[in-house]
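K.L.:
Using the sequences plus the hints, can you model the full thing?
2 protein chains.
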Amino acid sequence: MNRHISGQYDSELESVRLGFMGMGGRVERQVQTATRAFVTHDVEAAATVREGEDEINQLERVLDDRCIHIIARRQPTAGDLRLLITIMKGCIDLERIGDEAEKIARMAEKISHLPLPPDQYADVQHMRELVIRMVADTLDAFARLDLESARSVISADGEVDTMFRSIDESLSQELHMHADSVMQSLNTIWTARALERIGDHAKNICEHTVYLIEGTDVRHLDRGDGGTLE
Amino acid sequence: MNRHISGQYDSELESVRLGFMGMGGRVERQVQTATRAFVTHDVEAAATVREGEDEINQLERVLDDRCIHIIARRQPTAGDLRLLITIMKGCIDLERIGDEAEKIARMAEKISHLPLPPDQYADVQHMRELVIRMVADTLDAFARLDLESARSVISADGEVDTMFRSIDESLSQELHMHADSVMQSLNTIWTARALERIGDHAKNICEHTVYLIEGTDVRHLDRGDGGTLE
Chain A
835 MNRHISGQYD SELESVRLGF MGMGGRVERQ VQTATRAFVT HDVEAAATVR EGEDEINQLE
895 RVLDDRCIHI IARRQPTAGD LRLLITIMKG CIDLERIGDE AEKIARMAEK ISHLPLPPDQ
955 YADVQHMREL VIRMVADTLD AFARLDLESA RSVISADGEV DTMFRSIDES LSQELHMHAD
1015 SVMQSLNTIW TARALERIGD HAKNICEHTV YLIEGTDVRH LDRGDGGTLE
Chain B
835 MNRHISGQYD SELESVRLGF MGMGGRVERQ VQTATRAFVT HDVEAAATVR EGEDEINQLE
895 RVLDDRCIHI IARRQPTAGD LRLLITIMKG CIDLERIGDE AEKIARMAEK ISHLPLPPDQ
955 YADVQHMREL VIRMVADTLD AFARLDLESA RSVISADGEV DTMFRSIDES LSQELHMHAD
1015 SVMQSLNTIW TARALERIGD HAKNICEHTV YLIEGTDVRH LDRGDGGTLE
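So the sequence lines, in the order shown, correspond to chains A and B.
What the first sequence shows, in the working numbering, is residues 835 to 1064, in sequence order.
What the second sequence shows, in the working numbering, is residues 835 to 1064, in sequence order.
One or more of the hints may lead you astray.
The list treats identical chains as interchangeable, and a pair is accepted whether it falls inside one copy or across any two copies.
What the hints assert, rightly or not - Lysine to aspartate or glutamate pairs mimicking DMTMM-like chemistry, simulated, CA-CA at most 20 Å apart:
1. Lys944 <-> Glu982
2. Lys937 <-> Asp995
3. Lys937 <-> Asp844
4. Lys944 <-> Glu1003
Worth flagging that the hints you see were computed from the coordinates, not collected in a lab.
P.N.:
Listed below in structure tokens is the structure:
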């Protein structure tokens, strides 16, 4: 094993590991605040979430750049390479969790003028608790390299999917009772949303491609989106 | 520059590059078929999309594994490292575009028993054309390392976002006329969906963490999800 032993190298690795944990903590709070804003119709909480979004995007760029730098300059061993790749991929997911939290905050704002429903969103509250625990356990599994924690999140995901399907079905049925046209409008919005997201992903790939084309040296990363090293 | 000149190495790089293009082509067809199924209420086309989903997930795993192997064994130069990282990240987006296509196919099935609306989903059709072009241009920009193509996709994304907002607003208003409760149900479904997706992302990070913990050698990648090298 060609183990790198330089203290500088170790501290670079530790810095991205801690950076990832820190970003995770921010994102976790965004999810907590956004969902609380939704179930309590709290517009101020929703605004807080929207304000925090930019910072998370920035954290993702910085972490990603640092990981690439370490890979390029240090030629990490298999284990360290796995850590760096895990962080690079995990960042993308954290950033998108942040996006979803922001969307929830926007929806909270949209319905805040209505009275709370009689059941106080019982199903969403239940789903919320489970998902917040998943995010916390995810960060914990990463921090402690705890396989059991990681596997519990992976199996909880099936439970969340089932909860979503049940909410989707019962509310869709409710809408259905109003009129078929509502059902159609609803599915049309969903499809438009999916198309919108496909556009986002295509844009992501193109941003990577721009980075691929323009980069002449990893020490001078310019992703064409104003992202800088730190 | 410590340029690798081995023919074997070059063919490894070319193979992942072509693999990415091939995966992109599959995903592009999934988007075409799924959206056609939606706007024409074609359940058979929708079923085809659902059948194609597994293969795309499999392609993503294979490509990702190959990229990691090349990085670990070949210590690629800056430019090659950028190519490999672009492919690894691009794969994730392609796979998620495939997911969205599958969701559109499911929605096509849900509404297929209804008559086509008078406007034949004119707005969605318009959005569809733009997004399909974006996906095609994305692959083209990557294949030819064409900055202009890449930038046209990045700017088209803003147009798609605007189209989505306009569809969302006009249909939400339509729903709003029925009753406030519909508006609430709608936003509740959206929030449940966002929570469901947050769960997916948490699960993704945990799968990377499992891979990080269990891998003892990048030549024996076992991601704990049955994914194999090829």
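K.L.:
Which of the listed hints are not met by the structure?
P.N.:
1 and 3
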